[in-house]
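Chemist: First to last, the protein sequences are chains A and B. Residue numbering for the first sequence follows the numbering used here, beginning at 1 and increasing consecutively. Residue numbering for the second sequence follows the numbering used here, beginning at 1 and increasing consecutively.
Bear in mind the hints are in silico, worked out from the structure with no lab data behind them. You may find that some hints are simply not true.
Chain copies aren't distinguished; within one or between two, either way the pair holds.
[Said to hold, decoys possible] Subject to a maximum C-alpha distance of 25 Å in a straight line, what follows is the list of computed DMTMM-like cross-link-like pairs (lysine to aspartate or glutamate):
no., residue 1, residue 2
1, K22, E116
2, K45, E14
3, K45, E102
4, K64, D36
Listed below, chain by chain, are the residues.
Number of protein chains: 2
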Amino acid sequence: MSETVTTNGMSRREELLAVATKLFAARGYHGTRMDDVADAVGLNKATVYHYYASKSLILYDIYKGAADFTVDALHDDPSASAREMIYHFARRLLVGIAGNIERAAVYFQEGPYITEWFTEEQVAYIREKETQVYEHVRDVIDRGIASGELYDCDSHVLALGYIGMTLGSYRWLRPHGRRTAQEIAVEFSTALLRGLIRDDAVRQSSPLGVTVEADTLT
Amino acid sequence: MSETVTTNGMSRREELLAVATKLFAARGYHGTRMDDVADAVGLNKATVYHYYASKSLILYDIYKGAADFTVDALHDDPSASAREMIYHFARRLLVGIAGNIERAAVYFQEGPYITEWFTEEQVAYIREKETQVYEHVRDVIDRGIASGELYDCDSHVLALGYIGMTLGSYRWLRPHGRRTAQEIAVEFSTALLRGLIRDDAVRQSSPLGVTVEADTLT
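Given only the sequences and the hints, what does the whole structure look like? Please build it.
Modeler: Given below as structure tokens:
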């Protein structure tokens, strides 16, 4: 069957995916039936099943799209500095999230349950992409430490934290908010790379304002 | 009825709450029935209903516990510096999350749907606590900017980012992992407050390694 293009320029399949993404984001995958998807997109259920043989295949398309997008956001220019790569990663991710908040929401909301809905191969594909993203950010930090550009730090923990800070923004990022996605990326990466403390002596000698070793009781 | 204390020192109600939290975290609130909770805790359903008249009251207890805990983690010592407050907030939150990963997981996983399960008053209570936490972190950053301790920055965006980085750690934080919760708090707050770039000239003149204004195309 040839692709039917709808009035908004999306193919029927793309439109179906966009509508299902909104429904899953609002009601959860478990709380959305194929009937709801058919109603919302204005097709009969048989036509919906023509495009997607099961509800889980829609969910997988959402996951695959988000995972592939995130891997594509990795900035793999070998001549770039660690700080450039950290900034560009945040910028591309945030712009992408702002352009499809619901997809990011579904991705995180359904994450704990995907092994229930997906085949082993599907789960393995998603996990492999997630590992690629984590390892890329960790390796960028490690290379920055090795070259002397960055302070020695726990690249594992910071990669997880920075990815969480960036991807977690789907909770409050709004495409037409006070700040653009790019401005938010600048704020995040500047804070992480330059730090917030002005006074260089304070910054180097006492960044947390306390002696951490003695501070385990409260 | 007097509280029955079980062999592990928890009251029956606490035990019920802990078991339900684990089930909700693994299967989702929607996917867990009161029968499952009764089976898992080894009580009959009537006894479960004695403690919690509905499944949503269990979920609310989980939410209220997490929200109250997070507000209690705010460090409100007026003599503390902004950097001390930022560090202590992360430390208390991470230690608390490490002590009850499932509670944090339920809190985030069910977040988009709580208006379905909770009364308006219950939702308002949770939202008020969340607002208190956000405003506290934002105000700490604002006071740090005003006193000259911190660089000028977008305190709104950074408060949301820092809270997301910290709370989002429930996804990968493990109570007996390679790093303790306190060590992770030190990594996060050091990166944010001191920054990652070593060279002070680079750090101040070109923290992102690019001129941001010209960089809007790729």
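Chemist: Tell me, which hint numbers fail for this structure?
Modeler: none
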